[in-house]
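Q: Okay, here's what each chain looks like letter by letter:
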Amino acid sequence: MTAPLLEVRDLVTRYETGGFLRGPTRRVYAVNGVSFDLAHGETLGLVGESGSGKSTVGRTILRLTPATAGSVRFAGTDVLASEGAALRALRCRMQIVFQDPYSSLDPRMNLGRAVAEGLEIHRLVPPREIEARVAGLFEEVGLDPSYMARYPHECSGGQRQRIGIARALAVNPEFLICDEPVSALDVSVQAQVLNLLADLQKARGLAFLFIAHDLAVVRQLAHRIAVMYFGRVVELAPAETVIHHPRHPYTQALLSAVPVPDPARQRVRIVLTGEPPRPSAPPSGCPFHSRCFHPMKNQRCLDELPLLREVEGTMVACHHAEYAAAPAATIPVP
Amino acid sequence: MIGSLAGLLRRAWRHPSGRIGTAILLILVLTAVIGPAFLADPVVMPDVVAGATPPSAAHPLGTDHLNRDVLSRVVNGARVSLTVAALAVLLALTAGAAVGLIAGYFGGWIDALLMRVVDAALAIPRLFVLLLLLVVWERIPLYALVLVLGTTGWFATSRLVRGEVLRLKQEPFVTAAIAIGTGSWRMITRHLLPNAAGPVLVAATLGVGDVILLESGLSFLGLGIQPPTPSWGGMVLDARPLLLSAPWTAIFPGAAIVVTVLAVNLVGDALSAALDPRSA
Amino acid sequence: MSNLLDVKDLRIEFPAPAGRLAVPVDGVSLTLARGETLALVGESGSGKSLTALALLRLVPPPGRIAPGSRILLDGEDLLSLDPARLRAVRGGRIGIVFQDATTSLNPTLTVGSQLTETIRAHRKASRGEARERAIALLNEVGIPEPAVRFAAYPHELSGGLRQRALIAISLAGEPDLLIADEPTTALDVTIQAQILELLDRLRVSRGMAVLLIAHDLGLVAGRADRVAVMYAGQIVEEAATARLFRSPAHPYTQALFRSIPRIDTPVERLSPIGGGVPSPDAWPAACRFHPRCDQVLPRCSIETPPVVPLAPGEAVRCWLAVREKR
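Chains as they are written, first to last, in this note's numbering: chain Y, 5 to 338; chain W, 382 to 661; chain F, 7 to 332.
Keep in mind that the hints were calculated from the coordinates and are not lab data. For clarity, every value in this text was computed on a predicted model and none was experimentally measured. Don't take each hint at face value.
Said to hold, decoys possible - Which bits of chain F does chain Y cover? Going by a derived footprint, with three or more residues having C-beta under 8 Å, they are:
| hint | stretch |
| --- | --- |
| 1 | 104-116 |
| 2 | 241-254 |
| 3 | 301-313 |
Said to hold, decoys possible - Anything over 10 Å on all C-beta distances counts as not near chain Y; from chain F, calculated:
| hint | residue |
| --- | --- |
| 4 | Thr37 |
| 5 | Ser132 |
| 6 | Val154 |
| 7 | Gly165 |
| 8 | Asp222 |
| 9 | Gly224 |
| 10 | Leu225 |
| 11 | Gly228 |
| 12 | Val283 |
Cβ coordinates follow ideal geometry from the N, Cα and C atoms, glycine included.
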């Protein structure tokens, strides 16, 4: 067995608001103890709603947000401790595609320069070869090289997102974080970009951390899926297992809420009552207990935080995972 | 967001105020550059006896109290005023942008230190500083005027630039640049500066108007440009005793000041309207 | 039985650069009966939101509703109302819930005051009566501790609660028709389900008609009686929900179904729709979908396809339907 490409252990990212002259200090644990591995060429889907911390996990791994605790190892290198030249080298191996194609490109730079930037900074090719290399990247993402002279505001959302992907690919990364890459795109364009990402993964052997709130989208690319709630991973298993045999009540609720374009399919919709907990006021014990509908919910759920443990092939963080909560609400295997 | 600088200028051109203002400024600059070659020497022997004469064929705008051609003096005055304004604003822009960029990008104690300096400097009225210079010079020489106007004018610009930089730092494309490995120098020069340029440009054009008024005011107080070099403010000062008997000696230089500042403000208006994403 | 809402040939024009005209809504006709939910589905640029705004005459200038358009509410022509009557209709007969509650609510006023303001705009009520009515409304939309939330500011509520408050405000005038313009797009999926469930419940309990605007076909699957699909400013297909999902008639609708990721069918490579959405100042000639259509015929780029009725209340705008009928 080859070693995993990425190893994340007990990652914690904490924000502080307030402080000296700005009101009471409040600590928000956006990421509160996340661990997972990622193998070469694998896609791990990271799913969760707003406030789950999924985007923060990606940013922390890439050192765009400072980590508070925990470790991240990339191909054996300690990411969180790297500085200077070592960090710059890492940047060539781990890249990111952002959610918003409208604001993730510098409006004053034409597309060619935007894609070339990585090449220039890391001096990966001699200056006279840059243009050819950029043209090649444009073609790889399905854009005509004549677009190199255009500016972001002259392009559609789908085109800009392709540029974002080309920019990330320019430095030849082995690992790509896709942070909600299609959420801001029109439905008919989403499919184009998803297919592109799938093709690129095959052609370049990329590993993806695919972050999204839409389980249907994640499923297209993910080999395994991790479900996050309130800063923690609550379920981690192969994609189809998560979709068809979810063990955590939150996963079940999430699945039942995913819109399915088929009115004929009768599903029990689990409608969660109550609101998600506020990050500034974390609940005791299991963070999901206030909205949990598991028939075996008990005092232990209020007192003790459930840890991620293996239950029949699934990693799940629930005291009562052995007993499936709502089988009728799951998606039947076709 | 807005696209290239060329696009910005193109959009500003669409506004009638922009076209009018630019046209007026172009005429002024052209006249100031070429005009003096065709006009009478403004520094002729003063003729007190002949005195001020009303506009005539020989002197389209009349003559002043020393029988010097007003038209020629106004045009030469334009040279002086516009040069002082341009140089002072350039100085203020450069200093202000540099400070704003550094303070905004690095934050922390650098930001705190620089901004406290700016705060303190802003508390001292500009005119006051200029007047203090009188301790050194009886009449402020041109280079000193430019220097002082420039170095007292950058504070507001630095605040503006810093504000823009802080806003830009939140934009995803800046995070994207960090992710690709962009270092500080490249970030400041290639990403932050071009995107902060828009509001700075607007502030600059308005600053030109400010400086012209300041310089004219100083000259009017007898403290600015020394005679016999013509300046609009100085001409108005000289015209004071003649306001009723020879109004043209005051009207034309005064009008020149008004028109120039108006034109500059119109251009500034058009630029700031062009900056507004909603007008795109 | 006459329809509550009757829209005929709605056309909205905007001036475009170089003296051209952009027509983001071009000949939209739809009807809505009491107690019915009609879903208006389309991507960005389809004109669906503008259509909704037009019903309340809220089209932002310089856009304007072109003459020849007709909007009838219970037989009353909305386009020729005087300002006073229009104000009464807005909120009093037609309510609207917008997408983003964060920007639709005044951040400097409490939820309660915004609610009572609306209540008192539509009927005579004293402060006390309005307050009672407001708290009852907050309760009706499922906000816990309504009396406490009455005094809260929008930023003190979560996204889901804000959206419920917005719904409460839209109901304050007791409208017969509720327009929900992408009411859940900005919300998490689990909250989305709650809000849509709420809208459905309110529709039944109040006997309202609901016009649900969405870009997500999956969203409307169990929640609408009829669906109208919009593309490039026109309705290209209209059908009962079950029929639309079972056998969509228009190539755009079919392509849309093939291109969205599903959770209930095995994973397979998506079939995207080639090309991009056209812009309102340069609609393609004849059939607007023809440049991207995978079943395109020669006549599609030459002659504008007619609206072909398929069944009562069902129609499609396509040449293929004409061929099949023969």
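Q: State for each hint whether it applies.
A: Outcome of the hint check:
no. : hint    : verdict
1   : 104-116 : violated (count 0)
2   : 241-254 : holds (count 4)
3   : 301-313 : violated (count 0)
4   : Thr37   : 21 Å, holds
5   : Ser132  : 33 Å, holds
6   : Val154  : 14 Å, holds
7   : Gly165  : 8 Å, violated
8   : Asp222  : 6 Å, violated
9   : Gly224  : 3 Å, violated
10  : Leu225  : 5 Å, violated
11  : Gly228  : 5 Å, violated
12  : Val283  : 6 Å, violated
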